[in-house]
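There are 2 protein chains.
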Amino acid sequence: MLTCNYKVHPKDVDFTGRMTTVALCDYILQSAGEDADSRGFGVRDLGKRDATWVLSRLAVETERPLAEHESFSIATWVESLDRIFTTRHHEVRDSDGNVTARATTQWSVINRTTRSLVSLDWLDCATEPRQIGIERPRKLRPAASYSTEESHRVRYSDIDFNGHTNTTRYIAWMFDMLDIDKLKSRIIRRLDANFIRESRYGQTLALRLDESDEDALFAVVSDTTVMLAGISSPF
Amino acid sequence: MLTCNYKVHPKDVDFTGRMTTVALCDYILQSAGEDADSRGFGVRDLGKRDATWVLSRLAVETERPLAEHESFSIATWVESLDRIFTTRHHEVRDSDGNVTARATTQWSVINRTTRSLVSLDWLDCATEPRQIGIERPRKLRPAASYSTEESHRVRYSDIDFNGHTNTTRYIAWMFDMLDIDKLKSRIIRRLDANFIRESRYGQTLALRLDESDEDALFAVVSDTTVMLAGISSPF
Chain A
168 MLTCNYKVHP
178 KDVDFTGRMT
188 TVALCDYILQ
198 SAGEDADSRG
208 FGVRDLGKRD
218 ATWVLSRLAV
228 ETERPLAEHE
238 SFSIATWVES
248 LDRIFTTRHH
258 EVRDSDGNVT
268 ARATTQWSVI
278 NRTTRSLVSL
288 DWLDCATEPR
298 QIGIERPRKL
308 RPAASYSTEE
318 SHRVRYSDID
328 FNGHTNTTRY
338 IAWMFDMLDI
348 DKLKSRIIRR
358 LDANFIRESR
368 YGQTLALRLD
378 ESDEDALFAV
388 VSDTTVMLAG
398 ISSPF
Chain B
168 MLTCNYKVHP
178 KDVDFTGRMT
188 TVALCDYILQ
198 SAGEDADSRG
208 FGVRDLGKRD
218 ATWVLSRLAV
228 ETERPLAEHE
238 SFSIATWVES
248 LDRIFTTRHH
258 EVRDSDGNVT
268 ARATTQWSVI
278 NRTTRSLVSL
288 DWLDCATEPR
298 QIGIERPRKL
308 RPAASYSTEE
318 SHRVRYSDID
328 FNGHTNTTRY
338 IAWMFDMLDI
348 DKLKSRIIRR
358 LDANFIRESR
368 YGQTLALRLD
378 ESDEDALFAV
388 VSDTTVMLAG
398 ISSPF
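These protein sequence lines map, in sequence, to chains A and B. Going from the first sequence to the numbering used here is simple: count from 1 and add 167. Going from the second sequence to the numbering used here is simple: count from 1 and add 167.
Okay, chain A solo, but in the shape it has when bound (with noise of 0.2 Å):
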């Protein structure tokens, strides 16, 4: 397990002064690339296989949104691994050591170049069977309709180094589409993201809501589905 130390940015936060859930993930896939570096096969190491990590779903459980200023931690751990994927843990607590969020993300790896999955054989890793008490990322379906729909043109800001759209970027668009209003009182209880292709720069997504009080299921289509979330947020 490793802690990874953070303070909540002016640039982490939204026009509530609370930490943004898009912000909170990035801290989340950060913690896991700092735990991965250490243990060696952070990406660095998986790029001299002409490999690279994915992230194939997320789930996110929050108790309480930090502040901005607050100083918070993440632990991480690799819970287990079979052939494809290995499942990791994020628990986040405040200052005061309460718990604030809690994360499971899993990760696959794929060659840089045909961009299919490689197999985990070689994976060097110690698990640690610790669970951190929240339902493990759900497999979404597509919802029977969406009441809203929008384009979008993958732009330079979108891509990361993998040269296709960073993670966090989708669960963005989500917030973007999402009422406002509601995100002024709305605490995200819980968000689930299920990433299934690779979208990459000039390519042209459409963007799908379907959002009700306390819920909102969220896709992302080009030819064929790209990402799926969904969130629930009793008000």
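In case anyone wonders, no lab produced these hints; they're calculated from the structure. There may be inaccurate statements among the hints.
It does not matter which identical chain is used: a pair holds within one copy or between any two.
[Stated by the list, open to error] Straight-line C-alpha distance at most 25 Å; calculated DMTMM-like pairs for lysine to aspartate or glutamate:
no.	residue 1	residue 2
1	K306	D263
2	K351	E237
3	K351	D327
4	K351	E365
Quick caveat: nothing in here was measured; it's all calculated off a predicted structure.
Fit chain B to the supplied structure of chain A, relying on the hints for placement.
Using the frame of chain A, we list chain B on its own:
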């Protein structure tokens, strides 16, 4: 002078593996906030007067773009202040102590309710006359014509704790309009930005760009000019 230590994280780099200008600007602004906080005139201190800092002008000159995983520092100091503006410098150094970028930011204070400028007579801020060695942020003028125009509606992820579009979002919009092939090899030698008016959630803005091989001019316009920027970049 305060020196802040940072690291280039995966989310700070673009598809070339180099730190984006937007991420660099985010850290530059963060260093200003940290210095102001440590000296008793940060955003939280100003909040007690129902006031807040706003960035008026920015100039950044880059010697070398930082790469992913590099550690770097930003030293920042206030060079001067008058009744309306403070001028602050930022010196970015890599872990070998070499200067990789220099920046100057000019700030004013507005009342959070009336959104109008507040005199800085009350500000107890010792200044350090040391120059940074780059030309002051230029006062930009709109181009005679622009070759590209897009429309952008201000979204949730664009606005910050002040409730207005975050200054670095404007810079992100400009980079999203630049020729991606040039961005592969381009080093942004100098960026100037003038933040003239606020823009707010839901506003529809015209984004206008005029790009040549070496330079680009960018304007954000509502019924009046919101923001202007210019970059120069030998290839």
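Verification of the hints:
1. K306 - D263: The answer is neither: 34 Å in one copy and 47 Å across copies each exceed 25 Å.
2. K351 - E237: Answer is within: at 20 Å inside a copy they meet the 25 Å cutoff, but 37 Å across does not.
3. K351 - D327: between (30 Å within a copy, 13 Å between copies)
4. K351 - E365: between (32 Å within a copy, 21 Å between copies)
Consistency note: the structure conflicts with earlier hint 1 alone.
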